[in-house]
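Input sequences plus hints: build the corresponding full structure.
Here are the chains, one letter per residue:
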Amino acid sequence: MHDLTTTTRERDKKSAATSARRRDRLASLAPLAGLLVLAIAFVLVGSLRGVNMAYSVQTLVNQSVIIVIIATGAIFIFAMGSFDISLGASTLVAAMTGALAYNATSSIWVLLIVCVITAVVTSLISATLAAVFNLPVFVTTVAMLSVLGAVAVALVQTTGGAQIRIDSSFAREYDTLEMKFLVAGVFILLCFFLFNVTRLGRVEKLIGGNPVTAKLTGLSMKKTAIAAFAIAGLGVGLGAFLTVLRTPTLTTTTATDIGMNVLVAMVFGGMPISGGARTRIYAALIGGLSMALLNQTMTTLLSESSAGNGIAQIVRAILFLVVVWIAVAGHRGRLLPR
Amino acid sequence: MKISKKVALGVSAAVGLSLALAGCSSSTPSASGDGGGDPVKMCVLVSDATSSEALGFKAYYTDYIQSNFNVTFTYSDELADANAEKTAMEGFIANNCKAVISFASADRGQQIQMAEDAGIFYSVATGTLPEDQYEEFKDSPSYIGAIGPSLDIERQAGYDMAKYFVEEGDTTFAIFGGGIPYYIDMHIHRVAGMLTALAEEPSTTYGGQKEFGAILGKIMQDGTIKVADFSSDVYELSGYVEAWNFGDSAWQANLAGVVASQPDAILAAGTGFAVFGAAIAGTDIKIGDIDAYTEENKKAMEAGSLAYLAGKFTSINGPIFAATLSAVEGSPIRAEGDTALALEQGYWVATSVDQFTEYLAADTAENPVYDKESLEPFIGTDASYDEFAQFVSQYTFEDLVG
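The listed protein sequences correspond, in order, to chains F and H.
Taking my numbering as reference, the numbering of the first sequence is continuous, increasing by one, and the terminal residue is 338.
Taking my numbering as reference, the numbering of the second sequence is continuous, increasing by one, and the terminal residue is 402.
Take these hints with a grain of salt, some might be off.
Claimed, not checked - Computed beta-carbon distance windows for the label pairs:
hint, chain 1, residue 1, chain 2, residue 2, range
1, F, Ser107, H, Glu366, 53 to 59 angstroms
2, H, Asn254, F, Asn103, 31 to 37 angstroms
3, H, Ser51, F, Trp109, 43 to 49 angstroms
4, H, Ser203, F, Ser146, 42 to 48 angstroms
5, H, Gly119, F, Ser220, 53 to 59 angstroms
Calculated directly from the structure, the hints in this document are not laboratory data.
By construction, the Cβ of each residue, glycine as well, lies at the ideal position given by its N, Cα and C atoms.
The following block contains the structure:
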């Protein structure tokens, strides 16, 4: 009698474990499946509507690469369960300082270096403030959002106008697919290496999954946070560099939607907002491309409808909820206490 | 709920297929036009999609023009900056627009360059290109040109409006600068024109200046209007408001303060009633505005709040449409030296309800003054530049309506 009960219990446990593994795999495959479906829809709709497919694909890259780069860097922050609301403002300030530096020197390297340094410094300020005052990082990024907004206004006013412009012919010369692929490729590979090969990724996942345990194991939360924000800052800097090349006229409204787009891209890519063990460094790439495909498809489908924008927003919202539901439903009730 | 593989993939497939099916379904037919062949797809960039003026312009294109010519119009969303404009242009080019008509001006140079690279046509409605940009792009076959109030006309509009109120005996003024902090040239020139008119009085200066050029320079330098820099023994500048920060409590407080200063008239560089209408209700304050002929402004004039309107009429963008379509059909109208158009059109001025009502009734989206009959002679024909320029120059109410 005892043996029968034990065997049944063991069988139930094995079955539950198998189901859990299947759910895990499914949840991790869902974003990829979504990307595939959106790609098919993009091609189908574009072909049926006779759009310029070559140009559309180029536009896909143009409109997704900056978000992908910044989101990939931001994953290091989100993996720890932190949140940075100032990504858009950081991008703007970095782009503006880079543009001003370019105007003074006419050097693309100065533009790149200043963008990156500015972004890394602003990121590190957030992380350092959180470390020194023992505040949640999110709180310091909220403060930075306001500060950076004011800095952007001040930077614009240095030109005596409402814009910061660089030479558009220079920007056009370097605003190429090759440049975008180069920058994105190098950064994503670097992030992949740092997150998946070095210890950093594992530490961040542990902090995101269970900060109590992480602390008790002796991990330095502050050092990890600083490293994460530095890498995120690098991503923001590279994104700012490409922003200046893409749009040589910068105003205080440039890059304002980057923060939300980064968040949406990560969610579409299957990134859990709470971070933790299920964090995948490629989530931003999948999510960024998915968003761009969806936007392009919606634009083509709804271009002649007066309510096109409204409908597109609703579709995006529905898809966003579906993706989150698929990603979360398989793991409901399995989160470790925080 | 437990997720099965079937459910997840089924949801993804359903989403994807719904997109594809929606694409397969026939779109709303939007062009009747005349003549055979596929309608010419024209795309419109807008930085303002919700004001009465913008809606009136859109109604003219999508209701009247689309019904009478073989064209379809696709409008962008409201574009806030150069990046949004670039994204919209990319969408237009990918979706095979033959021409872009632009009401958005964050980075016109970028827009024109994109059109040129894509081999599509581009034109500017109700505006002009700055001198340096015109020189840069005037020889481009993609750039059709601009038809609208020149900066000189904007200056004159502001000047005439201020002069009107001076001649009415008003001495205390407030100014609404609109987009001056964003360096919108037309608003800057309008306000500079207003101050120049006031500075004709011997004791009056702005920043110590009396001439238009100097006043303009000061505004460009400051990026705003400084009430303290206005000096006069006869007139008073009691307040100044700029931008449209309705959600900002400080802006709201400033607006209330301007109204509380009880000017005789508020001289607005644009959207004057939309900004001040509610605040001045029940007062004797008048508004002078450089805006458009809309139902809202008509009600304002009937209520006595709006005393002067220099306005764009609904079908003012007819000629630029004609020039654009003519270019698409292989008959571009070019200026001397095979250069792009740079033609002026000004405003209709109304200072009474009767006048306003007459102007509004004379030009509607359903019955525009620039109707099919007036535009057709310039589309796909061998009409000369001189003939077209002559046509455009006759924009006054008397010219068009009689």
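Report task. Hints the structure violates: just list their numbers, smallest first. Result -> Per hint list: zero violations.
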